[in-house]
Amino acid sequence: MKPILSIIGFFMVLLLSAGVTSAMNVTAVPSSVLVGENVSVNVSTSPDLASCTINVDFDDGTTTFVNCAGTVPYVCTNNLNHIYSTSGNYTITASSDCVLSPTGAPLLDVDTASVTVTFATPATSELTITRLQLSFDNGRAETTVNRNQPGLRANADLRFDGSGLLKGYWEVDGRVLSQVNQHLTYGKSIRLTSPAVPFLPTFVEGSHRVRLVITNPVNNISFPEAIYYVTSEESTAGLAPLRTAEPRNHADLAFVPQSFRWEGTTRAAMYLVEFFEREGEVPVAAAYTKGTAYDLPEAILTESFDSGKAYMWWVKSYDAEGNLVGASELAHFIFQ
Amino acid sequence: MLRIRLGRRVRFDWRRSIPIIVISAAIAVFAIPGWAGAEAITFVSPGEGVEATTSKPPIVCEVGIPVSQQNMLAQLDGIDITGALDFTPTGFEFKPVQPLMNGPHQLYLVVYCADGSVVEQVFSFSTFTKMSSNTQVSAVYEQVLDKSDHLTQIPHRNFAANLGNTTTFTQGAWQMGLTTNLRWLDRSMPMYAPEKKGIDLVNYLITAQYLKDDLSLQLNAGDLQIQETQNTVMGLARRGVQTNFNYKKLSLSGFVVNSEQMFGIDDGTGLEFDTSDNIKGVSGGYSLLSDTLKLRAIYVTGAEESNSFGIYDADSGQREGDVLGLLVQYQLLEGKLNLEAEYDWSDFDANTDDEFSAETGKAWTLRASGYAGSYNYQAVYEYVGPEYEVIGNPGLQRDREGFTVMGGVQKAMHGLNLSASRYEDNVDEDERLPQVVATMVSADYSFNRFPTLPMGLNYQKMIMDSSMIPEGGLPYRTDTDMYGARINYMAGPWNFGFNANYSTQNDKTESNYDTKNQTYSFSPTYYAETLSLSPNLSFNRSTDETSGIDTDTLTVTLDLRGTLYQGSVSYEFGGAFNQMKNSDDTMEMDMVNGNARVAYHFLQEWAGFLNPSVGIRGLYNRTNDKVFDQDDDEFALLLVLSTSMGFAF
Chain A
315 MKPILSIIGF
325 FMVLLLSAGV
335 TSAMNVTAVP
345 SSVLVGENVS
355 VNVSTSPDLA
365 SCTINVDFDD
375 GTTTFVNCAG
385 TVPYVCTNNL
395 NHIYSTSGNY
405 TITASSDCVL
415 SPTGAPLLDV
425 DTASVTVTFA
435 TPATSELTIT
445 RLQLSFDNGR
455 AETTVNRNQP
465 GLRANADLRF
475 DGSGLLKGYW
485 EVDGRVLSQV
495 NQHLTYGKSI
505 RLTSPAVPFL
515 PTFVEGSHRV
525 RLVITNPVNN
535 ISFPEAIYYV
545 TSEESTAGLA
555 PLRTAEPRNH
565 ADLAFVPQSF
575 RWEGTTRAAM
585 YLVEFFEREG
595 EVPVAAAYTK
605 GTAYDLPEAI
615 LTESFDSGKA
625 YMWWVKSYDA
635 EGNLVGASEL
645 AHFIFQ
Chain B
7 MLRIRLGRRV
17 RFDWRRSIPI
27 IVISAAIAVF
37 AIPGWAGAEA
47 ITFVSPGEGV
57 EATTSKPPIV
67 CEVGIPVSQQ
77 NMLAQLDGID
87 ITGALDFTPT
97 GFEFKPVQPL
107 MNGPHQLYLV
117 VYCADGSVVE
127 QVFSFSTFTK
137 MSSNTQVSAV
147 YEQVLDKSDH
157 LTQIPHRNFA
167 ANLGNTTTFT
177 QGAWQMGLTT
187 NLRWLDRSMP
197 MYAPEKKGID
207 LVNYLITAQY
217 LKDDLSLQLN
227 AGDLQIQETQ
237 NTVMGLARRG
247 VQTNFNYKKL
257 SLSGFVVNSE
267 QMFGIDDGTG
277 LEFDTSDNIK
287 GVSGGYSLLS
297 DTLKLRAIYV
307 TGAEESNSFG
317 IYDADSGQRE
327 GDVLGLLVQY
337 QLLEGKLNLE
347 AEYDWSDFDA
357 NTDDEFSAET
367 GKAWTLRASG
377 YAGSYNYQAV
387 YEYVGPEYEV
397 IGNPGLQRDR
407 EGFTVMGGVQ
417 KAMHGLNLSA
427 SRYEDNVDED
437 ERLPQVVATM
447 VSADYSFNRF
457 PTLPMGLNYQ
467 KMIMDSSMIP
477 EGGLPYRTDT
487 DMYGARINYM
497 AGPWNFGFNA
507 NYSTQNDKTE
517 SNYDTKNQTY
527 SFSPTYYAET
537 LSLSPNLSFN
547 RSTDETSGID
557 TDTLTVTLDL
567 RGTLYQGSVS
577 YEFGGAFNQM
587 KNSDDTMEMD
597 MVNGNARVAY
607 HFLQEWAGFL
617 NPSVGIRGLY
627 NRTNDKVFDQ
637 DDDEFALLLV
647 LSTSMGFAF
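As they're listed, the protein sequences go chains A and B.
Converting from the first sequence to my numbering requires adding 314 to each position, the first position being numbered 1.
Converting from the second sequence to my numbering requires adding 6 to each position, the first position being numbered 1.
Keep in mind that the hints were calculated from the coordinates and are not lab data.
Note that the coordinates shown come from a computational prediction; the quantities given were computed from them, not determined experimentally.
A hint or two may mislead.
[Unchecked claim] Here are the simulated BS3-like pairs of lysine-lysine, each with C-alpha atoms no more than 25 angstroms apart in a straight line: (1) 467/B <-> 623/A; (2) 604/A <-> 62/B; (3) 62/B <-> 630/A; (4) 417/B <-> 623/A; (5) 604/A <-> 630/A; (6) 502/A <-> 62/B; (7) 153/B <-> 101/B; (8) 630/A <-> 101/B; (9) 502/A <-> 368/B; (10) 101/B <-> 502/A; (11) 101/B <-> 604/A; (12) 153/B <-> 136/B; (13) 522/B <-> 502/A.
[Said to hold, decoys possible] To list a few chain B residues with every Cβ distance to chain A over 10 angstroms, as calculated: (14) 226; (15) 354; (16) 387.
Positions of the beta carbon are idealized from the N, C-alpha and C atoms, including for glycine.
Next comes chain B alone, as it looks inside the complex (with noise of 0.2 angstroms):
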């Protein structure tokens, strides 16, 4: 569903659903003399004040004399379809595109006549539909012909079906929706965990939302992602039941979910909620001064296992903790000013196993930013404790504190950014512990005086120096220094990229492991309707400066796709090589994989919706290792039938 920031005529939107502000049932004319204006504009479709019970009403006006592109202005919901129409005789027609969202609707003309005077006319039309739903239905099977004996990883039979489901359902101010993905494995050898042989929920989300006047109430239920504040939940991405709830300036939300990631249900749908195991937070924010000025709260509690699907941590056991933070937003000037301000308290114990209790921290962190024109700015200086940790953010960097910096100005020709910052470490000055302050520099800059030829520099120096180095203690001390350039070539389907980067690490300590690295890379792509050809050259030499040794990669990857005979065939490629050398010869190897599929799509009329193919696809591996006079090579050669349905309504 499209919504737009209407002009200064008429605004509103769409994602709150606030009921439209109808400009006016009655028509408004402006009667101009030698043409009937309102009398002689019909809305023919769906009609003024018509319920129309389709997403996409088609809409159809007939207007008193010939209209075109040129002499007319047509919105509907503030988007220009002026060139969207397709004109007749006796006036115009518009097949919406995307569904319209259910509620009332606006649509706005304006005709411009020949003796110079203009007619505006609103008209206005609401759609219902009760209930809409997609289902994509597909399935695979795929039989060994033949392949190497030691090629254990490829089963013979190979079956795989899933069913895709979008679901709305509209009840007076209820919205329901369902969106799933149900799929069923199947293979002559054992699924690798987390799949399972059989049938599985492998995701869903079930939403409700009730909307009236200035009150909104949301509740989802399944595979959610949480977003917070940068020192509280920020990306939190699990399986749980969320709600939020929104009256004129006040917002509320809370979410309960499983501090594992999960994939499919075969350890339960994912809110059965083991209080040791769960994640839950409530916020609540008010806007104030025309929503330039916001107020948030957020507390967050629960516990979690450091490693779930898709996650390795380091740390192992069980974690816990809370976390209450609070938010300021500020905008003034229209943008040219955005402050924000957050503080943060957590009490985090990180393992619940061993003798040590929970630790209490603090972070906090001040912004500032903007931009006016084609200027623009942000400052931040950010403070996180030495022991403010919080559940669900793991990624959060603890014991640091320092700001940065940023500048930008893009311009026609030239563009270019700014960064500056400092950070140290050991916030508390624990004598016992050197501090180490990280102070980093960076510029990139592009060149856009042909569109068809972008280019661009960048450069970055890191400092990374100690200091309060306890006695007995070494100094610590690495400069890096990372170069970046890149070009770009697009002429109608072809795009020609070439990157370059190089980085230098001198580590000033003792140990003096000086390391470098330099990429290359080239990729000529071309993009066509019926062929896609993306290879990509890219060679890359990484040298330990201590022992001089280099370490040579060169990559060559291919992807390729097209289709002949209107789309009755296709044939698609991905393959790679991997050549790998160190310069004191301990290591040479060269890897080769392919993967290559032909199939004929049955287009006739008798394959109906169930769009059948069959087609043969081959994979191809070889390693080998020069140093070890290991060459190993396997290939297989399977059948493949596929099908896929789609239903909707």
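Bound conformation, chain A alone (with noise of 0.2 angstroms):
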């Protein structure tokens, strides 16, 4: 008899210590958090109590209960915020004068849960993509083109936190077209463009979709697309460069009458030259010429420009249609 109840003892003691140690639970998520942002605290208990208080010391001079009462025969379960003003490791600790119900016996538990809290910032974070927004020249994230037109560029704005190494790839109806590997420090938001060469891909007509897939930070991030649509419509753009050739960039020139000279093309009928005080203004002189230099003459010269002053020009070509066929990019000149 005696063995008998020394093996009924023993498991007595087993269900016991099973109840004790399953009796108390406290969970806190997430077990890592940033300073001021908020920690949720779930304290249960199980199996059923009788009417109790949980005590929950978040281990920064701070300390709460929760009040089980009313919850007999039910489980005592509570959601609790916290934030931590300090960086540290913290230990939130349960503890309870509960006592189980039916049998009156005491839960004499204590749980515990970790919580590290640190001090990043948006600056000090590990590299996270917080925003991505793709678009075209007219700032929207669709556009039609012509086939063959030159130059289609997409462009990608960026807001992230933290600083790395961003990388990844521009991407065209799933194929890749380039690669992206770049430094980011934190600061302002940046702006990623496609590149020049290969410039996205115009000569299929219809449908394209673009995307900046980001491979490093890895995130789970359903990566935007912009579309582009390709027309039957042969462009009237050329890909021949057109290039301004004399006077050279930037320029000292005297303040008489100068010749402006430019490399040709043969689509070309005419050609506009436009002379600009600052980009984007108003041009404060022009020429239509059938020929591949303007000299500018006296009048205008003394009309339209000043000495002393800084200025920037470029020409565009036409067809015989007076379709732009072809530009330059601007050169500086200071007339002295």
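Could you use the hints to bring the two separately framed chains together as a complex?
Listed below in structure tokens is the structure:
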């Protein structure tokens, strides 16, 4: 009989100890947060308890309690929110003076959860992409171009936290167009532009989808798409470059009539030369000419230009129907 | 329509369409001995005071003496057209290249006579085109001839048609316009959103403009881009309605746009404004002191969802808020000193679904910039408060204060741009958080001695360093150095470009996650009228200094286009080869893709304005994962029929 009682006693102890160890539970989500961020703490008990109070110590000098009164015979469970104001490793401790129901046995249990609080700010966080917006030159994620139109490029405006090495690639219709590898440092948002060579392919008519796929940092991002549509109408703009020749870029010129020259293209029937004081403004002077040079007349020089000022100029070419077929880059000069 | 800032003789701005200052309706002639002057120059077409009903009226003059480019100057609306004139035995002719804007025009002529005398003469005429329209219709049909069984993304049949239209209509002082693309898509498999099968109005812009004397009124509806100020709304491209009112020095504008970026009209025209899903704003400006002093106030309010077409945002939920901005701009010393100050207040709720209410914030910017000859400079001081956020401008970085100074000089042989900046976060110096100071210096040098051989170097250093570290915290410090070099050689249709970039990021925190990145690219391009070839060879190595692992990426791309037989045959190829490899052999992969098309264009008379073509297109993709020993390739061969038509009046 004695051995049987011993075995029964042993199993009772096991049962009670098992019940005690599983009676109190505390979890903290997330287990790693930034200073000022909320930690969600869940305190629960099982099995059923009689009326009691669970004390919760957040390990930062603050405590609270959960009153399980009225929960009987249900499991007592409570969600608490807590914000840590300083960094460090914290142990959240839940303890109680509860008694088990229906035996009335005391529940002398303690459970803990750990929380690591760091002081990272957006600047000191790991590199994370927080916003990605695609657009074309019209500012929208959609554009329509003619077939073989040169120079089509997409823009990606990125906002990010942290600093690090950004890796990814531009993709058109699921095919890699070019790689992107660039160190980013926290600050203003940046704009990445798809490459000039090769620019987005425009020889296949129909809809095409562009994405910037980022492989580092690894983010669970549904990368947005931009759509461009290529019509069957051939682009009048040629790929052949239109380059200014003289005067040399950033030349200092005497304030006398000057000759402006460029390299011609066979498709051009007419050229338009425009002079600017500042980029984006209305030209101070302009001229149409059929040749590949423009001799600035003295009358226009003295009317529209000033000595000592810096100017810019470019040339555009038109075909016989008046379609724009080329444009040079802006070149700078100064009239002394 | 070309506009030009005229010389001191006559100045006006076509954009505002202020009625032309007609120098004189009467002919001003300084008669010279031996030549009848005014009587000898006849304005044949369109004729003095005549209103032409076409936007490109031929301009014909008869001159009593032989004229050429050497002895005359002709300006149309201030643009020198002397070099574009066709000289005839009786005078000259000119056919405008670009359409002339509706309204009055001025033809100014100067003839230099053999005896050294000069004759000046001004003619005036006007153009009025009640309606003009340009429509392009194009369609393409693709039919798979053969393809890999597992290539499921390519539909067996694919049809796409687009109608693009630009129309303007003028009635009195009103001008109305429409720009749109109407599209029809169909294919033998489902379409991916936001595109859909069937017809859709992909984009549109309707404009109405009223111009009279000093008054202009403009109303735009459709796909707009809103530009206000840096700290309010800048570059907001959405669908909605915008109106602008200008009277002398006063300007007023207002807009209401859908906060979601839209594609097509499947979900509505974009003009149904739900109060919980739009952004609206008003602004007013006034110019003083000959337009050198400009004052502007902006107010924007609304709500927006974080994600829509073309946009990913990590923050989810509905946001709402408003912002009030004041802007003052003052130009001094003819551009040598431009001053700008902006002050803004915002009220912003980052998530209307949570228990936190809206926060108020402020931002301000002071800017001085200018240029003098070949020198230019800019200095900016900015403050953006920790709670300052704006609807419609989510790219704005908050909790930031600091300055940037920039200076540049461009000479015939040398160009140099320098900049330095210092910004800090945690601007309210919250003791619970560290403060990180970002200091940046950069230099860019270009050597322009040889016009066909431009080259340059650049360097940038960025230091991020923390202070005010809370108890128990660790300091933060990263140094980033970026070096770059570029050189091009241009010879006729050839352009050889070489770029090299090298950067390191030294993580001085405990994690010591140092990285290195180097990229070298070479692109010898050839662009001619009937053939263009633009290959690019690029190699990148990024190194994780902590693990010592290199990741190498080799990319070779080729874009080839050309025509044969006077354009009756066209051929194009676009392809890329990518090879990626980790030095620890955990990854090694090759990817090849190619897309080629050959087409025959029917240029014969029977084809008329249909511009039909028939072609063959081929696709090839191959991915070879050498680590997991997976080698997949796929191909497709398609028949392509296309046509395009243009109508204009």
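Against the structure, the hints:
1. Between the alpha carbons of residue 467/B and residue 623/A the distance comes to roughly 33 angstroms, so the proposed pair goes past 25 angstroms and is violated.
2. In summary, the hint linking residue 604/A to residue 62/B is supported, as the alpha carbons are separated by about 18 angstroms, within the 25 angstroms threshold.
3. With a CA separation close to 19 angstroms, the supplied pair residue 62/B and residue 630/A stays within the 25 angstroms bound.
4. The hinted pair formed by residue 417/B and residue 623/A meets the criterion: a straight-line CA distance of about 13 angstroms does not exceed 25 angstroms.
5. Pair hint residue 604/A plus residue 630/A holds up; C-alpha atoms about 11 angstroms apart against a cutoff of 25 angstroms.
6. At most 25 angstroms may separate the alpha-carbon atoms for a hinted pair to count; residue 502/A and residue 62/B exceed this at roughly 48 angstroms.
7. Annotation: proposed proximity of residue 153/B to residue 101/B is violated, straight-line Cα distance about 53 angstroms (limit 25 angstroms).
8. For the proposed pair residue 630/A and residue 101/B, the alpha carbon gap of about 17 angstroms is at most 25 angstroms, so the pair holds.
9. Distance check on the hinted pair: residue 502/A and residue 368/B sit about 17 angstroms apart at the alpha-carbon level, within 25 angstroms; holds.
10. Between the alpha carbons of residue 101/B and residue 502/A the distance comes to roughly 50 angstroms, so the proposed pair goes past 25 angstroms and is violated.
11. At most 25 angstroms may separate the alpha-carbon atoms for a hinted pair to count; residue 101/B and residue 604/A meet this at roughly 12 angstroms.
12. Using a Cα cut-off of 25 angstroms, the hinted pair residue 153/B and residue 136/B is violated, with the two alpha carbons roughly 53 angstroms apart.
13. In summary, the hint linking residue 522/B to residue 502/A is supported, as the alpha carbons are separated by about 22 angstroms, within the 25 angstroms threshold.
14. Against chain A, the non-interface label of residue 226/B holds: every CB pair exceeds 10 angstroms, the least being about 14 angstroms.
15. Every beta carbon of chain A lies more than 10 angstroms from that of residue 354/B, the smallest distance being close to 15 angstroms; the non-interface claim holds.
16. For residue 387/B, the requirement that its beta carbon stay farther than 10 angstroms from each beta carbon of chain A is met, with the minimum near 15 angstroms.
Consistency note: the structure conflicts with the earlier hints numbered 1, 6, 7, 10, 12.
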